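Trainee: Okay, here's what each chain looks like letter by letter:
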Amino acid sequence: MKPAAFEFFRPQTLDEALRLLAEHQDDARLLAGGQSLVPLMNFRLATPGVLIDLNRAAGLAGIHVDDAFLRIRTMTRQQELIDNPLVTTHAPLLAAAARFVGHIQTRSRGTIGGSLAYADPSAELPVALVALDARLEIKSTRGTREVAARGFFRDALVSDLAPDEILIEIAIPRVRPLARFSFREFSRRHGDFAIVAAAVQYDPPQLSIALAGIEAVPRLCTHLMDTLHMNGLSRESIELGIDREFADVTPNTDLQASGEFRCQLARVLLRDCLSEVLPT
Amino acid sequence: MQLRCQVNNEEVEADVAPRLLLSDFIRHELRLTGTNVGCEMGVCGACTVIVNGNPVRSCLMFAVQVDGCEVRTVEGLAGDGPLNALQRVFHEHHALQCGYCTPGILMTLQALIDRGMLPSTDTAVREALSGNICRCTGYQNIVNAVLALVR
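Chains as they are written, first to last, in my numbering: chain R, 74 to 353; chain U, -13 to 137.
Derived by calculation from the structure, the hints in this document are not laboratory data.
Quantities reported herein were computed from a predicted structural model and do not represent experimental measurements.
Be aware that one or more of the hints could be misleading.
[As the list claims (entries may be wrong)] Quick list of the computed label-pair ranges, beta carbon to beta carbon: (1) Thr323/R with Glu(-1)/U: 15 to 25 Å; (2) Cys122/U with Arg92/R: 47 to 57 Å; (3) His80/U with Asp88/R: 29 to 39 Å.
[Stated by the list, open to error] Just some of the chain U residues that point at chain R, by a computed CB distance under 8 Å: (4) Gly24; (5) Glu26; (6) Met27; (7) Gly31; (8) Cys45; (9) Met47; (10) Ala110.
Even for Gly, the Cβ is constructed at its ideal location relative to N, Cα and C.
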């Protein structure tokens, strides 16, 4: 099928994009990489009256580091997360996660900001950024605000963004060179969204663990993290922590996988990630 | 909406509706029907073309988005001349059955060749081509062809 007609804007600056979005609000959709939005439009599951293409807006793509953070502008392509040495050095977990995102053709267009704003419960980049405790900079004509990635996801496909807001930058605390990380997922085919994905980073003494595909939003595994923090990093403590973690989970169930299967996958992936990352 | 771009090194100018997909622009307006359209949802990879050096799904871009860009389609690989090296190994290794997916596969590989990133192991070739589906399941000869080119 073909997309329904829409009015097309190609702002050259962020301010122009913000003004357009403020004017059209809910009638407008932002076009970033288009790898999720355009299929929806082709099937007319999305029929925005106005499309605001961010691809020509200056200054919205790029990666740099400062003292504390790796800063990624949101129109940065997913493939860049794999290819750019700044990412592999300062946030290697994110680069590892990006390898599981789609294929080279979709990663060449798809953006990190688009992945976040789309907020798919099984997506790889959101769960990695939750594990990494990233901070997100959000702008509108009303001003600028910052929100933690850990508070950004509200429900499946629902983020904290208001209709007039644009996600601008993702700031990730830089890890030390000796930090260890592991990203694993189970999916039916390479490049598909995960059924379950696990992201773990150990930058001693800080241990971060998050899961995708279990609930409507990425789950930061605080019970497991607390247990390992209090009881040490032994095998027994991992098992205890995993049991505690899943005690209050109500897992997603759909045609792809039952909730029970998802939980089982998550347990296996967590064990594998932790044994890869923790000192034995 | 006015659109100016380069397609296979030729200047192209057109007036198109914003909703026109790049794949349809290439096939219906430019009559370059080598680019095939499979799923129109970004899954099959048949419509892969190269835009500014990157392999992309032409069914997931609007034609107006390539304004000012350089586009390469499968017709640009050999032009009217002999097959290029990539096409030749596909021919020699019978790396196609029905041929529907072939243009997309060639363009994905050509983008990797242009970057000097052509994979050289069986696993890496399969990963590089994971975004191109061959419904005849003729993958083995495709992989053989790529590996022959690397050697």
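Trainee: All the hints need checking, so say for each whether the structure fits it.
Mentor: Now the hints, each set against the structure:
About 57 Å separates the C-beta atoms of Thr323/R and Glu(-1)/U, a value inconsistent with the hinted range of 15 to 25 Å. A beta carbon spacing of about 51 Å between Cys122/U and Arg92/R agrees with the range 47 to 57 Å that was offered as a hint. Judged by the Cβ atoms, the range 29 to 39 Å given for His80/U and Asp88/R is violated: they are separated by roughly 56 Å. Below 8 Å, beta-carbon pairs count as interface contacts, and Gly24/U has none with chain R, the closest being about 12 Å; its hint is therefore violated.
Of the supplied interface hints, the one on Glu26/U holds, with its beta-carbon coming within about 5 Å of a beta-carbon of chain R, less than 8 Å. Interface restraint check: Met27/U against chain R, minimum CB-CB distance 4 Å, threshold 8 Å, status holds. Satisfaction of the interface hint for Gly31/U is found here, the shortest Cβ-Cβ separation to chain R being roughly 6 Å, below the 8 Å cut-off. Using the Cβ-Cβ criterion of 8 Å, the hint placing Cys45/U at the interface with chain R is satisfied: the shortest such distance is roughly 7 Å.
With a cut of 8 Å, the hint placing Met47/U at the interface with chain R holds, because the nearest CB-to-CB distance is about 7 Å. Of the supplied interface hints, the one on Ala110/U is violated, with its beta-carbon coming no nearer than about 12 Å to a beta-carbon of chain R, more than 8 Å.
Checked against the numbered hints listed earlier, the structure breaks hints 1, 3, 4 and 10; every other hint is satisfied.
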